[in-house]
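Peer 1: Sequence:
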Amino acid sequence: MTSATDILDAVVIGAGWAGLGVSHALMQRGLRHRVLERHRIGETWRTQRWDSFRINTANIQTVMPGDSYVGSDPDGAMTSGEFVAMLEDYARRHALPVETGTPVTDLVASDGLYRLTIPRGSLCARMW
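Residues -8 to 119, numbered by this note's numbering, are exactly what the sequence shown covers, in order.
Keep in mind the hints are simulated off the structure, nothing from the lab. Just so it is clear, CB atoms sit at the ideal spot from N, CA and C, and this is done for glycine as well. The reader is advised that the hints may include incorrect statements.
Across the chosen pairs, the derived CB separations fall in these ranges [stated by the list, open to error]:
1) P65 / W119: 34 to 42 Å
2) R37 / P110: 19 to 27 Å
3) G112 / D66: 44 to 52 Å
4) D(-3) / T70: 35 to 43 Å
5) I4 / G103: 17 to 25 Å
Take these sequences, add in the hints, and give me the full structure.
Peer 2: Here you go:
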């Protein structure tokens, strides 16, 4: 049986742009959560983009929630490496609860909870 203190308010699967942005919003609301990433923060940007790939929005528009653009090239476009660095920095600065190297191998809804299976056991999050 899972105790109420072991139950998270939410679990976010994936530590990319969207996952980190959602984590930031959850933290702003004081909700207990974790971000689970099967490899590293921004993994698809590291391994599933070609070397010359650039973000398709201007730097001034490529900001994470709660951040604002600071830089010398507002009309430029980040490389995938620069984008990954931005994601890592964002997670660090906001102390987001990211667990890298943590794939989710099963997700089941049962008894008002989501039960997630990860390599070291399982996690539970409330169904809203």
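Peer 1: Under the constraints set out in the numbered hints, which ones does this structure not fulfil?
Peer 2: none
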